[in-house]
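K.L.:
So you can see what is in the structure, the chains are spelled out below.
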Amino acid sequence: MSQMFEVCGVEDIPVLGSKVVSANEGNIAVFRASDGEFFALKDECPHKQGPLSQGIVHNKKVTCPLHNWVISLETGMAQEPDEGCAARYPVEVKDKKVFLILKAMD
Amino acid sequence: MKEKLVLVGNGMAGMRTIEELLKIAPDMYDITVFGAEPYGNYNRILLSPVLAGEKTIDDIMLNSESWYVENNIKLIKGKKINKIDRRNRVVHSEDGTSESYDRLLLATGSNPFIIPVPGSDLPGVISFRDIHDVDTMLSASKSKKHAVVIGGGLLGLEAAYGLKLQGMNVTVVHLTDVLMERQLDAISGRMLQKTLEDKGLHFLMAHQTEAIVGEDKVKGVRFKNGLEIAADIVVMAVGIRPNFSLAQSAGIYCERGIVVNDTMQTYDPRVYSVGECVQHRGQTYGLVAPLFEQAKVAANHLAQFGIGRYEGSLTSTKLKVTGVDLFSAGDFHGDESTENIVLKDVSRGIYKKVVLKDNKIQGAVMYGDTVDGSWYFQLMRDGTDVSDFRESLMFGQSHLGDSGHGGQNAAANMSDDMEICGCNGVCKGDIVKAISTKGLFTLEEVKTHTKASNSCGSCTGLVEQILASTLGGGYSAASKKKSVCKCTDYTHDEVRKTIFAEKLTSIKAVMRYMEWNTEDGCHVCRPALNYYVLSSWPEEAVDDPQSRFINERAHANIQKDGTYSVVPRMWGGLTTPNELRAIADAAEKYNVPTVKVTGGQRIDLLGVKKDDLPRMWKDLNDAGMVSGHAYGKSLRTVKTCVGKEHCRFGTQFSMGMGVDLEKATWGSWMPHKFKMAVSGCPRNCAEATIKDFGVVAVESGWELHVGGNGGVKVRPTDLLCKVKTDEEVKEYCYAFIQLYREDAHYLERTAPWIERVGLSYVKQQVVENEEKRKALAERFLFSQKIAAQDPWAAIVNSETHKKEFITLKAVG
Ligand code: SRM
Ligand SMILES: Cc1cc2nc3c(=O)[nH]c(=O)nc-3n(C[C@H](O)[C@H](O)[C@H](O)COP(=O)(O)OP(=O)(O)OC[C@H]3O[C@@H](n4cnc5c(N)ncnc54)[C@H](O)[C@@H]3O)c2cc1C
Ligand code: SF4
Ligand code: FES
Chain A
1 MSQMFEVCGV EDIPVLGSKV VSANEGNIAV FRASDGEFFA LKDECPHKQG
51 PLSQGIVHNK KVTCPLHNWV ISLETGMAQE PDEGCAARYP VEVKDKKVFL
101 ILKAMD
Chain B
1 MKEKLVLVGN GMAGMRTIEE LLKIAPDMYD ITVFGAEPYG NYNRILLSPV
51 LAGEKTIDDI MLNSESWYVE NNIKLIKGKK INKIDRRNRV VHSEDGTSES
101 YDRLLLATGS NPFIIPVPGS DLPGVISFRD IHDVDTMLSA SKSKKHAVVI
151 GGGLLGLEAA YGLKLQGMNV TVVHLTDVLM ERQLDAISGR MLQKTLEDKG
201 LHFLMAHQTE AIVGEDKVKG VRFKNGLEIA ADIVVMAVGI RPNFSLAQSA
251 GIYCERGIVV NDTMQTYDPR VYSVGECVQH RGQTYGLVAP LFEQAKVAAN
301 HLAQFGIGRY EGSLTSTKLK VTGVDLFSAG DFHGDESTEN IVLKDVSRGI
351 YKKVVLKDNK IQGAVMYGDT VDGSWYFQLM RDGTDVSDFR ESLMFGQSHL
401 GDSGHGGQNA AANMSDDMEI CGCNGVCKGD IVKAISTKGL FTLEEVKTHT
451 KASNSCGSCT GLVEQILAST LGGGYSAASK KKSVCKCTDY THDEVRKTIF
501 AEKLTSIKAV MRYMEWNTED GCHVCRPALN YYVLSSWPEE AVDDPQSRFI
551 NERAHANIQK DGTYSVVPRM WGGLTTPNEL RAIADAAEKY NVPTVKVTGG
601 QRIDLLGVKK DDLPRMWKDL NDAGMVSGHA YGKSLRTVKT CVGKEHCRFG
651 TQFSMGMGVD LEKATWGSWM PHKFKMAVSG CPRNCAEATI KDFGVVAVES
701 GWELHVGGNG GVKVRPTDLL CKVKTDEEVK EYCYAFIQLY REDAHYLERT
751 APWIERVGLS YVKQQVVENE EKRKALAERF LFSQKIAAQD PWAAIVNSET
801 HKKEFITLKA VG
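Taken in sequence, the protein lines are chains A and B. For the first sequence, the working numbering gives the first residue as 1, with consecutive numbering after it. For the second sequence, the working numbering gives the first residue as 1, with consecutive numbering after it.
Excised from the complex, chain B in its bound form (with noise of 0.2 Å):
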């Protein structure tokens, strides 16, 4: 026999869990739900779209009544749940059905505040919570005129906004002199209510409500000073209580919700709650992202699985009204131990201010151009120390250029039709409506829907502000706490440490030590396993090529026909006659279609065929040539110029140094491609700036950079220090690579790694710390005694490595 779970509360927290149980546990419980509402489960945040015309309730339902008998999941809706027998384990519900339970999960969310004043019972006082009372506001607004709100804050402006575009006159009345002040400033709390005013609402700013009036129906409202004015709805927006009297009837603790643990389990441990009627660590929460946290802890813990624990959420906040952008996060306040940076362009509306404390940021708040607002709100998070960048930090995370959306700053004010993803031609339209009516709340449900942001990734902050805009602060950003991929709960720094601390030398012994979830892992785990055991153990460790993308297991380009390109290295772009001639010949051999210079200073044979690889590897092999790279997560060019051997500028040999660098550090397998520049002065002709290792000769030396990128976001480097001579540029390029070989997560580049661990920390490890630097580099000299080889050779000089590139027989 099953378990019994039963849920109480049909709504946002509740069935999170519950789908969160599906994934990871299908089969384990005959599963029975309690919904006071008369409907499936819906995305109650969406309401306030509904309410301003823009989305219907159809387009809003998560699951449908019918999805609930697919999963085979009891929808008991409609009915209210109104004691708990926990001796016996049985729910009864008002009208006497009674459900019994083996684990029960309350969420049973909060209940609106009604600010008890005279005249508060009167019909025509609503709230805004849930179908039922958008259902009144819309026939409302079909014959009456004025409407009048209390409350301005996040769901009292959304719903004055919405009656507003239904065609009342609207008032909003405010207790403070600063709207939404819990969220806002004084300045960006101005700049909301100009905005607003400029969309038509009525603001009655400072004022306190003294009554109600009318007599069987609501007639006005009275103020404290005396003030009197008309509604004939008056919608109640002052706050919300977490809903806890079933539970405290049924003698669970509760203080201002229901306390649970970091499991989600109430003092009775068979009694799980999740959703805003819960305090955790003191905490009670009113936004979705920290409920689906909490929602997916609670669903490890009844699969009886897993690491989970829920440990508390920071949250931001975005208001949903069409074109008004705004971010709020942390304490934006500050005090006397607090540092604001300000940006202030009222002709642009905008409006920026992060506030610092001992260099990290504590809270920020954004009006006009929220662009950046989920990177601070991931800096805050993350506690990064922001020193290293500060003078760039408020002109943003990508001041330099995306390529394509450089200066996109305000997608709320984008037409349906603009494109946001370049590489797959997804549009603003088509993810609002995905996101809407596919019920998605996370960056990576858009990937997977819109495949928007899913390739070169450009557009990711501009897809996470329309998630933003369309689901206020509901969207979950990316945790903190970043799993590898779907079949594990463990980030790529917990893997690596285990790794490296249990002397786990094989793909498998990882997963099974850390407990993998699926059998094989997938293509996103298994590379990077790979990658880790390899660069961990270089002496122990034996490569997987069936966990290699196939780039690196060909050792070859992948087309898109299917067919390869093939790379030869030419050392510092330097070339020879004999090897131009080998590669004409090997051109003419294979039936090459197109030969092409590639951007990395060498000649690219595009358009071979699988079978036809080892043989024309042989053929470069014999005029000396070797692989060069170009599919590799590993060593790609070192770009030179012509340096002090010929140019009249020439500071320093820079061919020289890069044909030695190059010679000293191919082949090394690295968390992401590693690209590397020499030039002779600082005119800096090999573009040396915007590589992950650049060097650049003056005439005292030669001045190192890092972290440099082209592609898809332009980093120049960060200077890591000036050398005098030769062999310290080599010692301090072994070091930097090896740091980033054994630090860097895979598929990391060197730009974002730097800026996630600081170019300090990068100093201290290669600059300031001789003993280390020197460590380091002989760690790297050690792993390439086995790595720099050409995997070509080994190829043509293996029989059974061979046959792998041979298509079988004919048959059929």
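Isolated chain A (complex conformation) (with noise of 0.2 Å):
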């Protein structure tokens, strides 16, 4: 079972920014890219669990702010020759609002 939840206004995360959500099974960063697009990703980072909230965002990518590898918001998988995986979860916007679904993906 999947549930949904209201997160923040879509204004309320800054264009390249992101935001924290502390959930049941750990934070979850949740990002919004350049053209307005919206993701989320485990606030993990493959490498050494560095939070990737508090990354640059960048091309709908984000860089880990402890060693910088670079991972993708929309596959979570770490830019080459880096390998590793953030799990992603979906993100829905509705009437000017960021909803979370609390199941992961693949």
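These aren't lab readings, by the way, just hints derived from the structure by calculation. For clarity, every value in this text was computed on a predicted model and none was experimentally measured. Careful, some of the hints might be misleading.
What the hints assert, rightly or not - Now the stretches of chain A that chain B is said to cover, found in silico as 3 or more residues with beta-carbon under 8 Å: (1) 20-26; (2) 53-59.
To be verified - Lysine to any residue pairs mimicking SDA-like chemistry, simulated, CA-CA at most 20 Å apart: (3) B/K803 / A/E11; (4) B/K74 / B/M1; (5) B/K219 / B/D232; (6) B/K663 / B/Q601; (7) B/K803 / A/D12; (8) A/K60 / B/D544; (9) B/K447 / A/Q79; (10) B/K722 / B/D388; (11) B/K508 / A/S34; (12) B/K74 / B/P38; (13) B/K560 / A/N68; (14) B/K802 / A/D12; (15) B/K360 / B/S760; (16) B/K451 / A/M77; (17) B/K344 / B/L356; (18) B/K433 / A/P81; (19) B/K447 / B/T437; (20) A/K60 / B/C485; (21) B/K809 / A/S22; (22) A/K60 / B/V524; (23) B/K609 / A/G26; (24) B/K23 / A/P81; (25) B/K809 / A/F99; (26) B/K508 / B/D544; (27) B/K486 / B/Q304; (28) B/K447 / A/V70; (29) B/K809 / A/V91; (30) B/K486 / A/Q79; (31) B/K802 / A/S22; (32) B/K609 / A/N24; (33) A/K48 / B/D561; (34) A/K60 / B/N517; (35) B/K360 / B/M394.
Ideal placement from N, C-alpha and C gives every residue a C-beta, glycine not left out.
Since each chain comes alone in its own frame, lean on the hints to assemble the complex.
P.N.:
Right, here's the structure in full:
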């Protein structure tokens, strides 16, 4: 069963910025890309668990603040040649509000 | 319909062009590749280690046949093109295969030169160019005994060394009496010969071949002086000739090679050419580094964008023989108009010679210790005036001790399990393996694949040496024109100039005006652009928090567990019971796990949760404290000693000076962090001579020191000047900071900046020209009106900013 939660208003997350949502399964980072699309990843870098929410967002990727791995917001995969993956969560936008669906995609 | 691109020559330069093209315009062309050799593309450079038995053919493949399939490239291997019909735009191969093109790329490489002496066509006479030659040599070594290598240049020596390792008895024949005379002078040439003799090679120097003897196969070699020696195989390695016969037969203009312009086009603009077959501005090249530069330019032009032009290359040389460390570049012989600086230590096997003309490096040759080769090469290509550090030039760039690597100067002799990168734990063997199996050619590539030299950078010199000893001169040293990042071809200097000239006041405006090739930029360019617009246009530009590294966005240092550390400012290292009490209270109230005195004379509260930051700051603000910017590319601390206020030796009031300087300069954004110190006498208890700006009091006034650095690479300051009054100290300090702010590249500390621009330049601007000094100081004070604000208070007092620190509601 998946559940949908309202996270915040669209404008609460700056373009190329992010917000942290704390959930039972740990922190989840919600990102806003420059074209207005939203993404959510588990807030743990596949390298050494750095908080991805705190990284610099660019071209639907985020650079981890601890050691600069680059993680794709679309797939959660680390950019080659690094290897690893952060769990993704579906995000929906309705009526200028951002919703998080708490069921990790594979 | 896509346009059709046909490549003739499946070698290193041609395929590099295709790879570069796929990176920037993956779907633009239907690509067909013809190769005369029956393989995918391989790293020709590494044929030497294959011959030496150190690597296998599989190790050195760059693009396997499946790679071509995955990238939708039609590979037609084992077929030689022998006709180009330019009128109908079709190429034809010997067996009648043909292919039409819209654009054609010729990368036919070169042919080994065979000296036309009698017998040179006998079976057993071979060259050293491709996999086939290596196979022939390897099978000969199994059953035959005597090998003669004609030519004591790079290729000849690598062939000889490999054959020796395969168990043959090898004699190298050389025309002159110095080996590799185009790369080495007499002294280093002898040292090399001695090393190779110790490895078991024989040499016949100053011998000219008259004939290869034998009936139906090679039996021996006869020389002009009558000597004759036995040979079962003869390897001719006397040089290469650009292979342009195909182009010439199609009426494309050729001289010593296929003549191309700066965009790598031949006289027929539909036909491009790169690699050893090319003649550009009168030059031909026989090493891969310049060919890769050509490849990049050709790819850019084929993709119909880019500002790239090929302007020729300088090359450096390295021999890939295990345990031999030599380096040479440029004109290392010199003439009447040049000077030589020479360091020779025979018992340590070390020889270095640098040739200077008007204090600029013209060339260098080194043997035994080559760690500084890439530095000299860089200075040579940049045309740097070395007079400011001429007296220490021969001791190298790091003679003051990189942490960890100061004493290490010969990567070639290190064993595979020795740690090269202390930050990431990468050993020499890991790097060598990555270079050969992953086909790496540049420092950047080694960094991304192995992480070596990716953190503090102190092992960069060693990694470059390993690259050089694995790839010979083939590794592409960072080119002079280094772009900000992969999002653009422009350099830091070009970007800064444009921001200023065109009055660009936002990151977006810069990216649009300068045609960035990514939508959003990246974590490398955005912080740099943010700094450049802010420092160029302090009033007009608006800070972009999304383009700042988290520490500067959160005004605290992120920790490995995602918590933060908080360091309040203690002006000049001074504090009060009241401040200490407030710090103690904050530590208790927010359950701070660690309280530590920093190396910068203040107190660090480590392990604070992000959500608590604004509240903790408010408490500290209330006690009169502000951010210490321990996280920022900005002024850090001003360290002081007690000075004349208390000390029996003090000559000036150093604490007072330190506090004044800190209060006047805090809060300003800079290219990198900036540290100051003030000592009350030359005993220098505040360690002012390893700071970016250091002040040392003397009886008659103050000494001002600049460009010092502790950290990764220790560099003591240079003396800028002496001044008499306190006011002068301040004015010079502001002027120096402003010059650094306006001139240095983002993330370049004062030490490397001064090494790049030269102390003389800094002196001219700050010391010798009063008008400039005053103007610089004034600009600094002007920008301080906006910058010297406490960022903590700004957040504490803004509801919107405070919200950014709050984790959203718990769900699920
Ligand atoms: C807290 C402190 C260590 C301590 O416990 O004493 C410290 C901590 C850090 N230093 Fe430092 N440095 C500290 C004094 C120094 C000193 C000593 C000094 O300033 O007298 C040096 C050598 C002197 C120098 O800089 O020239 C120093 C040389 C470095 C370097 C290497 C800089 C270089 O140019 O080589 C880095 C890396 C960098 O900045 O890129 C660095 C980077 C760091 C960072 C910020 C790493 C990071 O980016 O996260 C560390 C943050 C730790 C954390 O988790 O909070 N730290 N660091 C010191 C803070 C001083 C302060 O009050 O602000
Ligand atoms: C043993 C050895 C060691 C070397 N060591 C170093 C070193 O340490 N450092 C360094 O920088 N450089 C080194 N080099 C030089 C380096 O390998 C060359 O500079 C580089 O390979 C040249 O690239 P290219 O693409 O111009 O030519 P090549 O790599 O030779 O490619 C040309 C290709 O075109 C094919 N071809 C030619 N004509 C036709 C045709 N008509 N139709 C179809 N195909 C055709 C050829 O068969 C060949 O495969 C070394 C070379 C050798 C042989
Ligand atoms: S505080 Fe400085 S020296 Fe210590 S681990 Fe961190 S960066 Fe390295
Ligand atoms: S934890 Fe993310 S890069 Fe290391």
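K.L.:
Does each hint hold? Answer for all of them.
P.N.:
Okay, the hints, checked on the actual structure:
1. 20-26: Per the Cβ count (6), the hint holds.
2. 53-59: holds (count 6)
3. B/K803 / A/E11: holds (13 Å)
4. B/K74 / B/M1: Roughly 17 Å between the alpha carbons, so the hint for B/K74 and B/M1 holds.
5. B/K219 / B/D232: The given pair, whose Cα atoms are some 6 Å apart, holds under the 20 Å limit.
6. B/K663 / B/Q601: Holds, because 16 Å separates the two Cα atoms, which is no more than 20 Å.
7. B/K803 / A/D12: holds (9 Å)
8. A/K60 / B/D544: holds (18 Å)
9. B/K447 / A/Q79: Since the Cα atoms of B/K447 and A/Q79 sit roughly 14 Å apart, the hinted pair holds (cutoff 20 Å).
10. B/K722 / B/D388: At roughly 18 Å apart (the allowed maximum being 20 Å), B/D388 and B/K722 satisfy the hint.
11. B/K508 / A/S34: Judged against 20 Å, a Cα distance of about 12 Å means the pair holds.
12. B/K74 / B/P38: Roughly 14 Å separates the two Cα atoms, so the pair holds.
13. B/K560 / A/N68: holds (13 Å)
14. B/K802 / A/D12: Roughly 12 Å between the alpha carbons, so the hint for B/K802 and A/D12 holds.
15. B/K360 / B/S760: holds (15 Å)
16. B/K451 / A/M77: holds (18 Å)
17. B/K344 / B/L356: holds (17 Å)
18. B/K433 / A/P81: holds (15 Å)
19. B/K447 / B/T437: holds (15 Å)
20. A/K60 / B/C485: holds (18 Å)
21. B/K809 / A/S22: holds (6 Å)
22. A/K60 / B/V524: Distance ~15 Å between A/K60 and B/V524 Cα, so the pair holds.
23. B/K609 / A/G26: holds (15 Å)
24. B/K23 / A/P81: holds (15 Å)
25. B/K809 / A/F99: holds (13 Å)
26. B/K508 / B/D544: Since the Cα atoms of B/K508 and B/D544 sit roughly 10 Å apart, the hinted pair holds (cutoff 20 Å).
27. B/K486 / B/Q304: holds (18 Å)
28. B/K447 / A/V70: holds (14 Å)
29. B/K809 / A/V91: Holds: B/K809 and A/V91 sit about 16 Å apart, inside 20 Å.
30. B/K486 / A/Q79: holds (14 Å)
31. B/K802 / A/S22: holds (18 Å)
32. B/K609 / A/N24: Roughly 18 Å separates the two Cα atoms, so the pair holds.
33. A/K48 / B/D561: At roughly 9 Å apart (the allowed maximum being 20 Å), B/D561 and A/K48 satisfy the hint.
34. A/K60 / B/N517: Given that 20 Å is the threshold and the Cα spacing comes to 15 Å, the pair holds.
35. B/K360 / B/M394: holds (14 Å)
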